Structure formats: structure tokens, C-alpha cells
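Asker: Input sequences plus hints: build the corresponding full structure.
Each chain, written out:
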Amino acid sequence: MKGNYDTDHIRSLVRPDSVHRDVYLDPVLFELELKRIFARAWNYLCHESQLPGSGDYLTADIAGNPVIAIRGEDNLIRTLHNRCAHRGAKVLGNGQGNAKVLACSYHGWSYRTDGALLSIPCRDNYRGTEVDENPAGYGLTGIRTDSYRGFIFANLDADAPDLTDYLGGAWRALDNMVDRSPDGELQPVKSSFRALYRNNWKIYLENLHDGMHPLNVHQSSIAASREQLSRIDKTSGKTPALALQLVQANAQGYRQMEELEVTCYGYGHSDMRGFRNPDNDADPAYREYVSRHRKSYGKEKSAQILNTNLHNVNFYPNASAHPRFLQMRVIRPVSVDRTAIEINVFRWKGAPDEINQRNIVYANTIHSPSSLIKPDDLEAYRRVQEGLLSTGQEWISQHSLFGPDTDDAAPQSALSEQYIRNQYRSWLAYMCNPGSTGDG
Amino acid sequence: MIIFADKSISTGLTGDDLEAIELLLHRETEFLDRARYDEWLALFTDDCRYWVPARKDQTDPVNEISLFYEDRDLMEMRISRIQHPRAHSLDHPVTTSHVTGDRVIEAVNTDRGELMITTRFQVIEHQQGEQRLFAGVYRYHLRREGEGFKISLKRVDLINCDAYFEPLQVFI
Ligand code: FES
Ligand SMILES: [Fe+2]
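Residue numbers (my numbering), protein chains in the order written: chain A, 200 to 639; chain B, -14 to 157.
Treat the hints as calculated values from the structure; they're not laboratory data.
Note that the structure is predicted; figures quoted are calculated from it, not measured.
Treat each hint with caution, since some may be false.
[Claimed, not checked] No more than 30 Å apart at the CA atoms, straight line, and that leaves these computed lysine-lysine pairs for DSSO-like:
#, chain 1, residue 1, chain 2, residue 2
1, A, Lys548, B, Lys41
2, A, Lys389, A, Lys494
3, A, Lys389, A, Lys548
4, B, Lys41, A, Lys389
5, A, Lys548, A, Lys500
6, B, Lys(-8), B, Lys41
7, B, Lys135, B, Lys41
8, A, Lys299, A, Lys548
9, A, Lys289, A, Lys299
10, A, Lys289, B, Lys41
11, B, Lys(-8), B, Lys135
12, B, Lys41, A, Lys299
[Stated by the list, open to error] Calculated Cβ distances over 12 Å to all of chain B for the following chain A residues:
#, residue
13, Arg239
14, Asp255
15, Gln451
16, Thr507
17, Asn508
18, Leu509
19, Ala608
[Unchecked claim] With the Cβ distance kept under 10 Å, some of the chain B side facing chain A (calculated, not the full set):
#, residue
20, Ala39
21, Asp45
22, Val47
23, Asn48
24, Ser51
25, Leu59
26, Met62
27, Pro70
28, Ala72
29, His73
30, Asp76
31, Cys146
32, Gln154
33, Ile157
Positions of the beta carbon are idealized from the N, C-alpha and C atoms, including for glycine.
Answerer: Structure representation (C-alpha cells):
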């Protein structure tokens, strides 16, 4: 049954241990997700280092709304609706840039970087109208914006909880990303990776701590990297490229996956410990990095930061991070079966170049559109999306290590589907709340 | 056709050299289209790079991300993955058809036996009934090795390098 989604109907789509296929297939439900989930969650937009100067901006999308994140003359970063108060044109085209004044390209209404209306051509023609009497109502509408450790989030919902309450314990990933810099600062790497997935947005988030898939999905890359590593050993005795070792890391067995701790938080967030420490104490660049890091934080604190090895982190519903390799990924739901992902990579200020360069190697090898790993993940996502068209079964199993899932449940492992069930508890809470206006 | 970007390029290239270059660059795309990857790789030097920048005018592949930045080890690995029977995303193989334009000799360094050549390209890529189009400029660095030349760098500047991409699995 599709179509009219009252609360009872929505509730009937999610069981404690499985979900109904309609949540991945119905465009009506997808539109409702934009209104009730994406328009109410804190959406990650960017890191403040991407907008270093006054007037620096970038455009983004929140629940289908075109928005601008911009640093004002007062140094504050704000989020504004990218919608002219005159006849509605997007004031800025898509992309990144700098603007001291935001001037609409259509009839030239202009706005300050804080969104306030600055000027209107032929102003006299508006005399006596609402525009003249209430110019404050004719700016670029502001959106609630907050940041944590320089990571900027925006929320369309005035009733949403504060950002720190919302992030819950998941903030430890953001802490770790910044704290790994000897100077405590991030710098953006130029350009970003952009990928288009043929699956519902939730399928992506449901794979990020999935320790049951690599041995199946990544057979081809595991075999190819193993072969390549042994060829290098035999022929030259040279050190194998870091990239090959990174690919090989997917060859972890179920036993090892069982040791990876996955922690769930409120609002559908979760994080997962890294496979293994990719650093090597004997490596001179790493030693130099550690010594700089210790100088800043002291031995004990430094060790604590560098031993926190987090792999994927989900900030439900719109972002995921890879703290150890310093990536933020923005998830943009395009349609019920298409999702766009944009990945930004950062540098640790104060770290040796060689250390930062390894994060580039990781990004190029594992997360570029040309990734030696990801195409098989995307293929799996796509097969789920297409497999669910089958009417043979209505329900999707999330039974692995099922137990009563509570808010204070102990962390489980990468073999558990607890983090997916946790996402759905949050999904239900968002979706069953029609909002004060009743239309979500 | 081989043309010189500029008459002043002192070439020291013989007619045989030009013929060898023409054949080499023909094979470079032809072997890809025929999926003869081992022969394709043999056209490259041991210290070669295959590079697809992520932005226009990118000069730094080490401190910036790239769509591809592969040394010979990674190129070999990509090839073995493409040939692996359980590369699920390649159950339906990707096939390509390349068309290239004039070969323009941009610079010659006679001392080091190196030259830089650009050529425009269009590639149609096909998989499972769907086609997509890539276009841009190839920049080759060639180096004299033995009797002929080998490729030490193939740089692919896509006109849409900042687009949203579905997986790029084979060499462009
Ligand atoms: S729509 Fe922007 S000035 Fe008219
Ligand atoms: Fe995977």
C-alpha cells in the first residue's frame, strides 16, 4: 500500500528487526523524508577553513532548498536561502567564490553578506508598498547555523535541538579530526570528489559500518592488490605503494570485523573503529609528526588523540566522515533512487607534508570516482535498489546480532546491524512527527 | 597527423622517429579499445604515471586530489581487477571507443630524449546498454628508450573534470 502516509502507515513500515521495501522505492515517501528528516536535521555544509575570508561563500542544498554559506564582514559564517526576495531568482549561481555584495543577476536587487537588503534599482517605484515599509522582510532569509570545531551545520527547523545535543557522542570524530593537527587547525585540499550513486540515500549510510560485505563485495580488489603486492616483493624488493596496502586492508576476515567496535548515538548517528592503525612507528615522517604533535599536546594527551582511530562515522542523515584520513562527505538525496555524494579532504596544519600526502593517496585510491574499491560497493547498492523492485518479499532483514536496542545499548561490532536499526529508530521519530503545521 | 606547435622547436627528430611516435600513440588508445591491457602497459616506462586531474590547470598531483593518479603498480592492479572474474561491477564489461585529433609536438628536450605531445580526444564508453562521453586533451610525455619511444606520462584533462561521476573503472 502506497500513497497517503498517515502516522500509522509510516509506523507499520518499520519493525524492530526489519523494514518494508517501500521506504526505498516510493517517491512520495522520499518527498516526505526531505520535509520531515532533512529539513529538521542539522545538515553539515562545510568546514570554516573552506571560507577563510569575509565574503567567501559556497552554495549547497538542504532538503531541496538552494542555500548559501557565507562569511560576513563580522567574520561570522551564516547560512542564507539562495532566493531573491524580488521575483525569486537564485542570487548566486552554484559553486564557490567571494562576494562583498550579493547582487541578484535578474533585476539587480542587492544584499549584504548577512542577508540584509542593501539596494533596489528604481527604489522610488516601491514607495508606499510593503517593500518600502518593511525592508527587513525583503532580505535573503537566514537559516539557523551553528558550528562544532569549525564544522558548519545548518538547520531549517527552528524547533530542532541545539547542535551539541544533536551530535551527542558523535562529536568525538570531529574532535579527533581537528586534534590530529599539531596546530589544532584544518586546511582544505583544493577541489572535491563528486559521485552519483544509483541508490536511495539510506542504502549508502547502511553500508558504512558493514563488516559483512568486504570479503564478498571486494573480492576483485583484494585479489588484485594481493597479487600486486607479491609481484612487487618478488621482483624488486622495493616498498610496496601505500595505496596497495590500503586496498588490502579490506581483506579482513569476519573474526577481525567482530573486534571492530561500532557505537550508536542518538538521532541515528554512529561511528566505527578503524581496521588497524595504518601508522608505522618506524617511519621517519610519522615519527616527525608524532614529535610535533607531542610538543603541542603533551605526551599523554597526544597518545590518546593519535590512538583514537575512527574509520567511518555517520552523521545521520546528510554526512559521513573518515576522521583518520580526514574526509567529510556530504550526502545529497537526489530522488528516491539517486544520491549524490561530495567528498572534501583536508590537511592537518603543522603536520609534515608527507603525512598529509598520504591522506591524498587514500582519497585518490579509495574514494575517487576511479576508486579501485568503490565501484563494487556501488554495484551492491544498485543491486539492492533494483532487487527491492521484486514483489517476492516485502521486508528487508536487519537481524544480525539483534537484541533489544536501547538508547544506552553497549557498542556492538561491525558484524552487527544494530547501527542500521538505530538509524531506523531515528527515521521513525522524524517521520512520525507531522510538525506544528501538520504538513511536515 | 603530426604537427609542430611552433616552427622554432628544434626537433632532431627523424622521419623514422615521427613514424614510431605515430604508431605508439595509435596503439595507446587502440589497445585500450581492444582491452589488450598487457600490451597497453608495455607502451609505458617503468616510472610512468597515469594522471587525470580533478581540476583545470592542476599542477600538483601530490598535495591535491586527482580523479586518477597512478604509478605502474596501481595501473597493473587496476588491470588485474578489471580482469578478475568476480569484479561484480564489471559483470557487464566496460568497452570504449577512442577518437583522437592531430598530434601536436609541444616541446622537445633533445638532451634528455623527451618530448611533450598533446592531442584532443573523445571517448565513448559503453556498459550494459548505456553510453557516456568523455572529451578533452591528452598530454603525453614520451621518452626515448632503446630503438623507440615509451610513454612516461599520460595526462588526461577532461573538460568536465568537476562533474558528478559514476564510477570510472577503465582508463580513459
Ligand atoms: S528576481 Fe532578483 S532582482 Fe528580480
Ligand atoms: Fe565496501
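Asker: Could you run down the list of hints and mark each one as holding or not?
Answerer: Hints, one by one, checked against the model:
no.	hint	verdict
1	Lys548(A) - Lys41(B)	25 Å, holds
2	Lys389(A) - Lys494(A)	28 Å, holds
3	Lys389(A) - Lys548(A)	15 Å, holds
4	Lys41(B) - Lys389(A)	11 Å, holds
5	Lys548(A) - Lys500(A)	18 Å, holds
6	Lys(-8)(B) - Lys41(B)	27 Å, holds
7	Lys135(B) - Lys41(B)	26 Å, holds
8	Lys299(A) - Lys548(A)	28 Å, holds
9	Lys289(A) - Lys299(A)	17 Å, holds
10	Lys289(A) - Lys41(B)	26 Å, holds
11	Lys(-8)(B) - Lys135(B)	24 Å, holds
12	Lys41(B) - Lys299(A)	26 Å, holds
13	Arg239	26 Å, holds
14	Asp255	18 Å, holds
15	Gln451	18 Å, holds
16	Thr507	24 Å, holds
17	Asn508	22 Å, holds
18	Leu509	21 Å, holds
19	Ala608	33 Å, holds
20	Ala39	4 Å, holds
21	Asp45	9 Å, holds
22	Val47	5 Å, holds
23	Asn48	6 Å, holds
24	Ser51	6 Å, holds
25	Leu59	6 Å, holds
26	Met62	4 Å, holds
27	Pro70	8 Å, holds
28	Ala72	4 Å, holds
29	His73	5 Å, holds
30	Asp76	8 Å, holds
31	Cys146	8 Å, holds
32	Gln154	5 Å, holds
33	Ile157	9 Å, holds
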